[in-house]
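Q: Each chain, letter by letter, is given below.
Protein chains: 2
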Amino acid sequence: MTAESRDRAAAAAAPGGRKAGRRPGGRATRDEIHEAARSAFAEHGYDRATIRDIASRARVDPALVIHYFGSKEQLFSAALRLPVEPAEVLARVRAQAPDEMGPALVRAFLSVWEPEETRTPLIATLRSAMTNETAMTLVREHLDRRIFGPITAALQSDDAELRATLIGSQLIGLAMMRYIAGVQPLASASVEQLVAAVGPTVQRYITGDLGGAADA
Amino acid sequence: MTAESRDRAAAAAAPGGRKAGRRPGGRATRDEIHEAARSAFAEHGYDRATIRDIASRARVDPALVIHYFGSKEQLFSAALRLPVEPAEVLARVRAQAPDEMGPALVRAFLSVWEPEETRTPLIATLRSAMTNETAMTLVREHLDRRIFGPITAALQSDDAELRATLIGSQLIGLAMMRYIAGVQPLASASVEQLVAAVGPTVQRYITGDLGGAADA
Chain A
186 MTAESRDRAA
196 AAAAPGGRKA
206 GRRPGGRATR
216 DEIHEAARSA
226 FAEHGYDRAT
236 IRDIASRARV
246 DPALVIHYFG
256 SKEQLFSAAL
266 RLPVEPAEVL
276 ARVRAQAPDE
286 MGPALVRAFL
296 SVWEPEETRT
306 PLIATLRSAM
316 TNETAMTLVR
326 EHLDRRIFGP
336 ITAALQSDDA
346 ELRATLIGSQ
356 LIGLAMMRYI
366 AGVQPLASAS
376 VEQLVAAVGP
386 TVQRYITGDL
396 GGAADA
Chain B
186 MTAESRDRAA
196 AAAAPGGRKA
206 GRRPGGRATR
216 DEIHEAARSA
226 FAEHGYDRAT
236 IRDIASRARV
246 DPALVIHYFG
256 SKEQLFSAAL
266 RLPVEPAEVL
276 ARVRAQAPDE
286 MGPALVRAFL
296 SVWEPEETRT
306 PLIATLRSAM
316 TNETAMTLVR
326 EHLDRRIFGP
336 ITAALQSDDA
346 ELRATLIGSQ
356 LIGLAMMRYI
366 AGVQPLASAS
376 VEQLVAAVGP
386 TVQRYITGDL
396 GGAADA
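Line by line, the protein sequences give chains A and B.
If you read the first sequence in our numbering, its first letter stands for residue 186, the second for the next number, and so on.
If you read the second sequence in our numbering, its first letter stands for residue 186, the second for the next number, and so on.
If you are wondering where the hints come from, they were derived from the structure by calculation, not from laboratory data.
Quick reminder that beta carbons are idealized off the backbone N, C-alpha and C, glycines included.
Don't take each hint at face value.
[Claimed, not checked] Far from chain B, by Cβ distances over 12 Å, these chain A residues were calculated:
hint, residue
1, 253
2, 256
3, 266
4, 270
5, 275
6, 280
7, 281
8, 283
9, 339
10, 377
11, 394
12, 396
[To be verified] Covered by chain A, according to a simulated footprint, are these stretches of chain B (three or more residues, beta-carbon under 8 Å):
hint, stretch
13, 271-277
14, 316-327
15, 342-356
16, 363-376
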């Protein structure tokens, strides 16, 4: 019996409502551990989040957390996965005309950050990465593989990697100021205001002249 | 006798070399508590840095830390102060021709982040702000008063506050990616490459058209 078929069998057998106390595994439990991990990383950061605390939040035995996810490191990697697929977001951006990609990318980025259910795990990720070297390494690998890699491949220019990370620098700074620091008036600006203000910056990093930055 | 004249008198009377064990107050000790606070905030973040730990690093009694700085909150505020004065950096930028201010501001910003002795406390500040609401409030107040306020005043336009925070978003994102995440090739790019690549972004936020962002 594979772990997945066991999950499905357990989920089919599980009663509908939540019960107090520790429960056996199942698809719902796995998702709940995932959610518990996200809220623990969000609240305490990678360093202070513990398997024990995550298990207690999900009301399961710590051994079950290890059974499903293996380690705190793997649990954090799982928590990095968003409800939205970066590849799909980027595919929508690439469907735009070349000179519309900058504003489209800003709009797509903000559409991921605006809803609380994606913003909370993203803030948790940033917070953990800022305070723990292991978490930072995992985030950096994730960014390289899932975000900068596809953007670099799409740009198809010699300095594509520099361009991808310049885009990242503007977008991550925008998220920091708006969603984490809550600096005004950036925090209360409308999405359309930000697309108009920041879109041309990203457009220039995609297709513009970087002033010989690539040759230096 | 004021606190300052007492410091001076104590410093004048103090022997030159460092001694083991706890020592009485003095200018050197005050600076050493300041340094100890910075390294404690850098290592542990605001939440986990304690007065006791800071006192132990500076080899003084915790009561002396309280005597000089009052509270952990005030100690953090003191640690926010950099060896460079933001007003002086901004004055140098304002001495440039209007269409040179963007690149000049990027160069000035990087000149503060490049040396390790200013980078370390800046990273400590960001790390603390990311993980503690009190620290974030102190950082936000500090940014408003010392950085965004003067930039806003210098810009003298209706949407100056939005422009100042957009500049902040690009610069803080650049610092995050280059100095904290160490994302390549941004981390190893030369200062001049970055001035060429990012200068026009900041220039546009200073003097450019924000696409009606101010009216929306």
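Q: Please list, smallest to largest, the hint numbers that this structure does not respect.
A: 10, 11, 12 and 13
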